[in-house]
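Engineer: Below are the chains, spelled out letter by letter.
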Amino acid sequence: MVKEDLEAVVRFDQTRPDVYGCAHPKNLLRAIIEDGEHLEKLTNKHIFSSDQFDRDTLLQLFRLAAKYEANPDRFSSSLQGKILISAFYEPSTRTRLSFESAWHRLGGDIMSITDRSTTGIAKGESLADVGEMFNNYGDCVVLRDSNEHSVREMMGALRIPIINAGNGTDEHPTQALADLYTILKWRPNLISDDNPDPINICIVGLPSKMRTVRSLIKLFCIFPEMIGRLTIVNDNPDEQMFDEEQREQVEEAGLNVVLRHELDPELPQADVVYINAIAWEGDSFNAYGKVFHLNAASPLKSDAIVLHPLARGEELCTSLDDTSHNWYFAQARGAVFLRQALLTCLVRRAERVLDII
Amino acid sequence: MVKEDLEAVVRFDQTRPDVYGCAHPKNLLRAIIEDGEHLEKLTNKHIFSSDQFDRDTLLQLFRLAAKYEANPDRFSSSLQGKILISAFYEPSTRTRLSFESAWHRLGGDIMSITDRSTTGIAKGESLADVGEMFNNYGDCVVLRDSNEHSVREMMGALRIPIINAGNGTDEHPTQALADLYTILKWRPNLISDDNPDPINICIVGLPSKMRTVRSLIKLFCIFPEMIGRLTIVNDNPDEQMFDEEQREQVEEAGLNVVLRHELDPELPQADVVYINAIAWEGDSFNAYGKVFHLNAASPLKSDAIVLHPLARGEELCTSLDDTSHNWYFAQARGAVFLRQALLTCLVRRAERVLDII
Amino acid sequence: MVKEDLEAVVRFDQTRPDVYGCAHPKNLLRAIIEDGEHLEKLTNKHIFSSDQFDRDTLLQLFRLAAKYEANPDRFSSSLQGKILISAFYEPSTRTRLSFESAWHRLGGDIMSITDRSTTGIAKGESLADVGEMFNNYGDCVVLRDSNEHSVREMMGALRIPIINAGNGTDEHPTQALADLYTILKWRPNLISDDNPDPINICIVGLPSKMRTVRSLIKLFCIFPEMIGRLTIVNDNPDEQMFDEEQREQVEEAGLNVVLRHELDPELPQADVVYINAIAWEGDSFNAYGKVFHLNAASPLKSDAIVLHPLARGEELCTSLDDTSHNWYFAQARGAVFLRQALLTCLVRRAERVLDII
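Protein chains in written order, with this note's numbering: chain A, 704 to 1060; chain B, 704 to 1060; chain C, 704 to 1060.
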């Protein structure tokens, strides 16, 4: 390669493109008044399901996340002396690195388990015994397992907090928290206004099968006033959109939910488009809704934002990356700060970060 | 799930149950006078076999472990700047996390190898060359390998200390140290009294095949006066209980050893019951003594304690967990502090922890 | 084992043997005047190929490496707060631990990926998306992949620096930097003298297939005046020694290159003998030049040095380890400091180490 070409190939720009979500958290910081008392509810709690949160705790979590995001280098010793056990029995790089980065940035130490077969489970050890072992070795656990029941079993024995980072097709609460945090950074007025103009959210995915979607809809049920209409788009009319429990929950919350089988007709009314195509089931994944593609030619509202939990495939085209619709990169970036906020509270270090203790 | 049920599911108690071994180290601290000189014998030594320890060094190690256990947060920078190479060529989570937790709590850094196939050994590299490489990258090595000879081969080239964390069916010295440490926390008078009432120990396992048992019996040979009778219980009369070397060693030490094939008749006289059912041989494990079960209905002495190196299976029933016989959880907890003591001495940082230098 | 024998087995000597390359960096430190400006060229640059370096930048990198090597404990917080993403999609222990040790010693944190199958790539994620993810989680990436093109793909999306730690059979630039650093510590006059006596270098390997050799020859092209003759020795006359691009490059640089098929006749004139037998191709490795062996009986010049990127097999006999020809251990040791120098510059922390800022 000619040297000038090589020079161009190896050079990079540090600056984040403007269009990657003007996600600065300042407006959200202003929109919520700090009140650490609501965070105390997280003490001595595992994080298992989106259902366990209430409105006030969520707002304080989001505010703390925004504080971290606005001052990423300030709190580098919040978690000093604390050990995270990062247990990914189901493979993951994205979520694992997100949690580990969050923890490292705050000065904590990490022990990783990335291979189920290296654990005592291979020796027939119970998950309760694994939990009792973790009690002696760390201060917090993050667990992902394709087996939906592992986290509950472990919780029974744990005396340190555990975060469910994905249990089969059931839930992935911190992803949902990160998603809602992103939406509120985009439109803080949704929680600061007395009578906010509700937004229309379009989810391209299968709530009955995708844990990220399941957890997110549960959070929407806590803020029904924000949402004008929640449209679920799935291409297979034979697939059950919701399971029974989900259906009851959205009805009880008064969410206005509609089900559709085509995407483009829904886009011109959507303020937020959330798209996902992959569901992990057992030891492999299935793709749903593969006929749907979002790209720069899609009939999106001019100020609509697109979210995706990532990893993405063909369903979310790279042609959208350099447009102002791209809030999926900001979503991933913000997730680290959201996890910092949650982890800080779980290991009882919020007093190192909050203004009023 | 109803919200109140969920609230109950996610809530946990930090407090350790009283019955998990009233294993407070204070009595052991009082029972042994600190004398760091005996710990200097560990300088420039690998930890390969239980046979390399003498009585005084062991007592000082136990005292240092007790000091760490009594003040778990005090010495958080003892190992600052030191790097541990955590090499588990044979899968393990329990022992690996025990060592890594010990090292992290004291402020050190860790590099983990958890998969033999990623190492140069796949390229035909000698273990001596691996050792020479480790000399340049870390300050201490912990190695577990189903190949019994790996640690000796590596030791020949190492200029930093290595701890044998399990070599085939041969030894697992730090487990034995942790086990004896637990026994002495339970009955410190065994080393502080001039004429202690000896205890009866019952081992359910196969000394010829189980490395934890092999290493432990060797330590008993150093304190024969503590032990009234050592009963080994194994169900298969055709299995060789001891190999020739072990038999000679226990005879020379004057240990009163009896061999039995049934468990329950032995329990009413046992002060300590040590049970293990699994022996790793090659790349898989075998279970021995599966007919034996300890549970809450077993005819244990009222103040007898039960130990198990864990992971456990059916041989140690969970019905014992909430009884005062349960010292196996305390055993696992104390193992971290014992390893802290040993690691501190090996990398020559004892002067940061001892009172008299 | 008798106790005295055991005592001898477990005892080790901390002191490095004199013959492991009197590689003290002091002479190199004196030979190069510090000039940090040339290191600024590394800001916002990925490290992809040996071709991207110029003479002045290399000398400053070597000087910084020498500074680190001469004062290994002094700069223990240069990388505090920085996170390294250590991504070894192709198995490695040696290079991975070399980078991780370098980073830990300077106070940074690390997240490791050691198994390609745990990454989103298994879900069909693009490497560009992996790069965008890394932007949010870390400050620097090290990547090794048997797929030659992965690092380029990732570079396109990265806003943090990435170091190519081996991409298929293409390049391994930091190994080459470490190799040249070793040569210059051995003969600093090669860059300090106005008219240095050139040295003869003999490479036993296959430049067209071995990435370490490819990268090293490119660096030789930057210092052609140092090299009297570069002899490449390969046993198979049908193997293409150089590919077209390599051949052009060495000719343009004016390197005097000869190709030979037998080793021993070349040794009496070689000042530096570099030997390697393994080339990773795809998911396995091939051995080249297996007929060649270097050992204590080889007709080496009395003051010749032997280099090998390691891991080694039969081609480099252990009989050379205790001779003054053994500079391959010094090469591995120095590689850690060379990587420290490079990493420090890439994450813009050189100002914490340089005298003049």
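Be a bit skeptical, because a hint or two may be false.
For lysine-lysine, the following DSSO-like pairs were computed, each having C-alpha atoms within a straight-line distance of at most 27 Å [claimed, not checked]:
1) B:LYS912 <-> B:LYS729
2) A:LYS706 <-> C:LYS706
3) C:LYS729 <-> C:LYS744
4) A:LYS748 <-> B:LYS706
5) A:LYS729 <-> A:LYS912
6) A:LYS744 <-> B:LYS729
7) C:LYS748 <-> A:LYS706
8) C:LYS706 <-> B:LYS744
9) C:LYS706 <-> B:LYS912
10) C:LYS729 <-> C:LYS912
11) C:LYS744 <-> A:LYS706
12) A:LYS912 <-> B:LYS729
13) C:LYS1004 <-> B:LYS748
14) B:LYS729 <-> B:LYS744
15) A:LYS706 <-> A:LYS729
Keep in mind the hints are simulated off the structure, nothing from the lab. Owing to the predicted nature of the structure, the values given are computational and were not obtained by experimental measurement.
Engineer: If a hint holds in the structure, say so; if it doesn't, say that too.
Structural biologist: For each hint, the structure was consulted:
no. : hint                   : verdict
1   : B:LYS912 <-> B:LYS729  : violated, 35 Å
2   : A:LYS706 <-> C:LYS706  : violated, 65 Å
3   : C:LYS729 <-> C:LYS744  : holds, 25 Å
4   : A:LYS748 <-> B:LYS706  : holds, 14 Å
5   : A:LYS729 <-> A:LYS912  : violated, 35 Å
6   : A:LYS744 <-> B:LYS729  : violated, 35 Å
7   : C:LYS748 <-> A:LYS706  : holds, 14 Å
8   : C:LYS706 <-> B:LYS744  : holds, 14 Å
9   : C:LYS706 <-> B:LYS912  : holds, 22 Å
10  : C:LYS729 <-> C:LYS912  : violated, 35 Å
11  : C:LYS744 <-> A:LYS706  : holds, 14 Å
12  : A:LYS912 <-> B:LYS729  : violated, 54 Å
13  : C:LYS1004 <-> B:LYS748 : violated, 38 Å
14  : B:LYS729 <-> B:LYS744  : holds, 25 Å
15  : A:LYS706 <-> A:LYS729  : violated, 44 Å
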